[in-house]
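**Q** Here are the chains, one letter per residue:
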Amino acid sequence: MRRGVEWSTSVPIALMALVVAGCGGGDADPASTPTGSPAETASPTTDPDDGPAPPTPTESTGEEHADVEADVTVEDGQVVDGVERISIEVGETVALRVTSDVADTVHVHGYDLHASVAADEPAVVRFTADIPGVFDVELEQRGLLLAELEIAG
Amino acid sequence: MTSWPIRLLTVGAGLAVVSTPTTAWAHGIGERGDLPLPLGMVSTGAGVVLVASFAALTVLWPRPRLEGAVGGWALPDAVSRAVGWIEWPVRAAGVVAFAAVVAAAFLGPPTTSGNLAPVAVYVGLWVGVLLASAVIGDVWHTLSPFETAAAIADTATGAGQRRAETLPRAGVWPAAALLLGFGWLELVHPSPGDPLVVGAAIVGYGAVIAIGAVWAGRRWVRSAEAFGAFFRLVAAMAPVHRDHDGRLRLRPPLTGLATLPLGPGTTAVILVALGLTTFDGVSRQPWWQTLVGDRTGWASVPYATLGLLVTVAVVAAVYLWAMRQAARISQRPTSELATAFAHSLVPIAVAYAVAHYFSLLVFQGQQLLALASDPIDRGWNLLGTADWTINYTAVSPTTIAWVQIAAIVLGHLAGVVLAHDRAVALFPPKTATRSHTPLLLAMVVYTIAGLLLLLAGG
Chain E
1 MRRGVEWSTS VPIALMALVV AGCGGGDADP ASTPTGSPAE TASPTTDPDD GPAPPTPTES
61 TGEEHADVEA DVTVEDGQVV DGVERISIEV GETVALRVTS DVADTVHVHG YDLHASVAAD
121 EPAVVRFTAD IPGVFDVELE QRGLLLAELE IAG
Chain Y
1 MTSWPIRLLT VGAGLAVVST PTTAWAHGIG ERGDLPLPLG MVSTGAGVVL VASFAALTVL
61 WPRPRLEGAV GGWALPDAVS RAVGWIEWPV RAAGVVAFAA VVAAAFLGPP TTSGNLAPVA
121 VYVGLWVGVL LASAVIGDVW HTLSPFETAA AIADTATGAG QRRAETLPRA GVWPAAALLL
181 GFGWLELVHP SPGDPLVVGA AIVGYGAVIA IGAVWAGRRW VRSAEAFGAF FRLVAAMAPV
241 HRDHDGRLRL RPPLTGLATL PLGPGTTAVI LVALGLTTFD GVSRQPWWQT LVGDRTGWAS
301 VPYATLGLLV TVAVVAAVYL WAMRQAARIS QRPTSELATA FAHSLVPIAV AYAVAHYFSL
361 LVFQGQQLLA LASDPIDRGW NLLGTADWTI NYTAVSPTTI AWVQIAAIVL GHLAGVVLAH
421 DRAVALFPPK TATRSHTPLL LAMVVYTIAG LLLLLAGG
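Residue numbers (the numbering used here), protein chains in the order written: chain E, 1 to 153; chain Y, 1 to 458.
Treat the hints with caution; some may be incorrect.
[Said to hold, decoys possible] Every beta carbon over 10 angstroms from chain E, so not counted as near; a handful from chain Y, in silico:
1) Leu-35
2) Ser-113
3) Pro-261
[What the hints assert, rightly or not] Which stretches of chain E does chain Y cover? Using the computed rule of at least three CB atoms under 8 angstroms from a CB of chain Y, they are:
4) 108 to 116
5) 136 to 150
Quick caveat, the hints were computed from the structure, so don't treat them as lab data. A virtual CB, placed ideally from N, CA and C, is assigned to each residue, including glycine.
Start from the sequences, fold in the hints, and give me the full structure.
**A** This is how it looks when you write it as structure tokens:
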């Protein structure tokens, strides 16, 4: 059996592990760093903190087609058809439409976007997915998870 | 050896891969989750772990070496003195930080992302101080307001510099229980990020420690202060430590674990810490969501509590199974072996923490610095960082993935080395290898499970 001194425990084993891991894990690496800091390209809607705000749907005619469009419907305190994990590539534009039977605020974590939604006023959140990661979208006051955005690339 | 661990792994892996993600556990803190690790990386990591573990059985040294290395080298007197000078300023800073966090909890903004308290506790303390302890040494001993209060009380009552080396008969079992309580708060409570909840928890925890200290003396702080008990164990991994004369010494990393003072409850603290971080991963799995259904808020608490307890129990059961096998082979009591090998799990627990919380530290850590400039929302800018926004591109997902895999693999290898060294110290050469092979298998189970948990993202 080989003998060694104590430093030979941490260092060679660490090197061995890293070398072998480096040779093998080359496929399907997550995206490289997107440049720049998070851009403020979201179109946030009404400020939710001032109580019942006048409903302002953010849809307008003549809007551009977003790369990823998703719809979430909330009924009776639950998300219809379950909570989805939406796959998005970094850099794509996203349009997330939320329809709810109760008034609340839609909050996209990480991007920190807010949109008011009410029973007759669906909310649409538009933004460019420039931050990679997994982000929750929730109905803020109820703490109800609406969707997960998996932004990779 | 039975093959049920293998069967368990296969079932778990199957479930993890087959079920589609439905909901995520909405954690109170953290705006962003990690991307799922690529399967290629995970497989490679698992392969390295398996190969290295079983190669270690034949390659590693036949006589114990780590305990002899703990002495290390003394650092120059000037360095020891310099560190001695900054001890009390750092203690004061710890008390100020504690006061700022409590003030922020009750007087600051009521939102999770705008308040210093949740970030300070779940990121600054639970992740930041943990990693600092592993890399630098027992920093919590100086930063902890509880230790500072105890030190002042000792000086005031004339107890002098006597370090509370002896613990009550319960050892650190109270700390293990409180650590589990912290885990419950972080992972089960419906709104762990609510500043008032955090504030109430801090006040409650502080009261338990303070009242116990008044009643039972400073030994209570050592016995019951959960973070201190755990971080002391983690700090044994670090290269810098203080010897009995108070001099600073440098030693190879990990060797400090070989001479870790072990007492009643030490094993429990380590197993609870490992169980907590495991449950953190479990609660993000799709199959967990299927189990819990659509329950949110307080309706989910009974299930999540059960999940936490079961996870800790399973983690403990794997270890105790390994110790039971070792006991049969080596004809020694299981409890004696369970205490003797507990130190080898510390690197694995730290590795789990790094894997699950590294990105939290990198991103929410920025938020911690920003919020510290204005704890009670008065428009201050104490550190000049009040205008910071979190830069989510500071570290790429690729880097995060590598850190996660490397941490788990290295933690595993460190555990294997420590277990081997203890085995050759305890057992006669004939049975040393056979006796700790069950523990090796248990570590493989922990590590593969940790890798599988990361397949669904952290």
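**Q** In ascending order, which of the hints set out earlier in this document are inconsistent with the structure?
**A** Violated hints (numbers, rising): 1, 2; every other hint is consistent with the structure.
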